[in-house]
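Enquirer: One letter stands for each residue in the lines below.
There are 2 protein chains.
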Amino acid sequence: MAKAWHLVSRPQGLPTIDNFALRDLPDAPLDHNQLRVRNRWLSVDPYMRGRMNDAKSYTASFQIDQPMTGGAIGEVVESRMEGFAPGDLILHMGGWRDGGIIGLDMSPFKLPDEALATGMAPQTFLHNMGLTGGTAWIGLLRIAAARPGDTVFVSAAAGAVGSAVVQIAKAREMAVIGSAGGAEKCAWVKSLGADAVVDYKARPVLAGLSEALESLGKPGIDVYFDNVGGEHLDAAFATANDFARFAICGMIDVYNDGHPQEMKYLIRAIPARIRMEGFIYTDQFFECMEEFYADMGGLIASGAVTMRETVHDGLEATPDAFLGLFSGQNIGKMLVRV
Amino acid sequence: MAKAWHLVSRPQGLPTIDNFALRDLPDAPLDHNQLRVRNRWLSVDPYMRGRMNDAKSYTASFQIDQPMTGGAIGEVVESRMEGFAPGDLILHMGGWRDGGIIGLDMSPFKLPDEALATGMAPQTFLHNMGLTGGTAWIGLLRIAAARPGDTVFVSAAAGAVGSAVVQIAKAREMAVIGSAGGAEKCAWVKSLGADAVVDYKARPVLAGLSEALESLGKPGIDVYFDNVGGEHLDAAFATANDFARFAICGMIDVYNDGHPQEMKYLIRAIPARIRMEGFIYTDQFFECMEEFYADMGGLIASGAVTMRETVHDGLEATPDAFLGLFSGQNIGKMLVRV
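Residue numbers (the UniProt record's numbering), protein chains in the order written: chain B, 1 to 338; chain F, 1 to 338.
It is worth saying that the hints were derived from the structure and are not from the lab. Among the hints, a few may not be true.
Note that identical chains are pooled: a pair holds if it fits in a single copy or bridges any two copies.
Below, a list of computed lysine to aspartate or glutamate pairs in the EDC-like style, where the Cα atoms sit at most 20 Å apart [claimed, not checked]:
hint: 1; residue 1: Lys201; residue 2: Glu211
hint: 2; residue 1: Lys3; residue 2: Glu75
hint: 3; residue 1: Lys264; residue 2: Glu231
hint: 4; residue 1: Lys264; residue 2: Asp65
hint: 5; residue 1: Lys264; residue 2: Asp54
hint: 6; residue 1: Lys201; residue 2: Glu184
hint: 7; residue 1: Lys190; residue 2: Asp242
hint: 8; residue 1: Lys201; residue 2: Asp313
hint: 9; residue 1: Lys3; residue 2: Asp65
hint: 10; residue 1: Lys218; residue 2: Asp31
hint: 11; residue 1: Lys3; residue 2: Glu211
hint: 12; residue 1: Lys3; residue 2: Glu114
Note that the structure is predicted; figures quoted are calculated from it, not measured.
If we strip away everything but chain B, and leave its shape as in the complex, we get:
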């Protein structure tokens, strides 16, 4: 019998293990347009924190005593859905569980044979070929309209989205400054090709960013890819060149705490004519999916874009993997191997 992590209480501030309970899922024969799957990989992502609140957001809230959901890669074991056959590997939204019944509401998508034929690992569709890589690609190239020659600052550069931004920007001939917490993460961001790194745990972000710009002989940043908010965002306003573009992807610094963000340099939006835009992957993904798969697939196949995975083993470890996102435990993409 399949099991799933259920939401049993809503967090105040940081989520804890007590917000979740592992419970059996009901079993039944398949209806028309249903699949039975065995999950192999589960994704945990910062955006799920927002869905744990009982508040209007861009995706529906998780409901108390209902299973959590999220991106997953599974193998079809039984199909009553056209276009799917046992053995198919699919991407779907029925994560936080080891398998079970998947309907159309879970958006099942058969992984393309061409991609798998290149030797691409299936879980790549949970990161570089999926939510996180797509978020990086859309935010950098479409929302921020980053161009070759631009100076790009990206926060949480050792995370799944940030590390993809670093590599896409380098492949497109931009100068890249990444911020990350601690020497190990910073070294990894550097190894991805970042021209300079800012260790936000070692010193104030603005001081580190200013020094990085000076070391590169750059007057300021043209693009900021924000995963963090707060002090990072303010430092980006402080150092923005004229007509800089900020793609606001996440503010993990403020997801769990209700404190206001103290912005000293927001006023530079006017003299520097800064454009700041929040975005969500799914708004744009479907209209540019073909271009994204072709471009990102090429960058991955050529080795220009890689991904380090932080893997937790076993369905039981899913909440720990998720909670680790908020304590900075992950380098690259946080995954659960079922």
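Starting from the known structure of chain B, fit chain F onto it as the hints suggest.
Expert: Leaving out everything else, chain F in the frame of chain B:
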């Protein structure tokens, strides 16, 4: 002999009368490409505060012991510049003075005969047909891309820019909520056609804005035209509809004080996909000048857009008029009649 207000010290925080001194200007015969003018109207504008700092901004800083500059309407009394003749009324940047020599660096522009023939007062080119009206028009229609049916929130709605925004938005069939300080200003904003007003001196902005939206049966705002920053901007983030656009024109709340802005709702940029963009009139004005003059001239001629002027008399009153901008003394456009 012409006189001009000179900058004699840089303000810390709010400017004071002691930052300025009235001094004689040097006199000389005209060189080629110079005009001698007698000024009639001088403009004082919030952006001049930024130029009083010794800091990189979008316009050069005013220099100590040099004359202040700013928009002015003058009459040509002697000309060695092609296209200008004695008696012509011109718009130029040699303000803060009663007249003197004007070169090409002061951007002299002959007021169009067609406009004057409609009975338009010359000082209109210092507000609705100039900097403030152009700022309103560009910010609302181009930067924020406001469309008929949108719900528009505008701060400092009793000011020169804000009151133009209110009227342009109403002429374009938008719902408009204006904020202003005190019952008199709010009543005037209402008389301009605003559907609802928020008196920010009477209660927190967010409470007033939420109530205004409810009274209009609107779920949130589609456009925010910011002249103020701080609490107003945060309230706009709090109430923004999906895909709202913010045109950031000014942050008069923070020009004079170094305190950080406390933003509780900035994070809504992501779920609501808010686009915020700082802008400066001169970046876009010249490419859309013809369209602006035609459109705004029509709105003024039809009575759809009017302007209340707060007039100080005499060159001596110029610093007082300017300082009054920061204590909320003006309704509409603050002008000095020389």
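Enquirer: Could you check the structure against the hints above and give me the numbers of any it violates, in ascending order?
Expert: 4, 7, 8, 10, 11, 12
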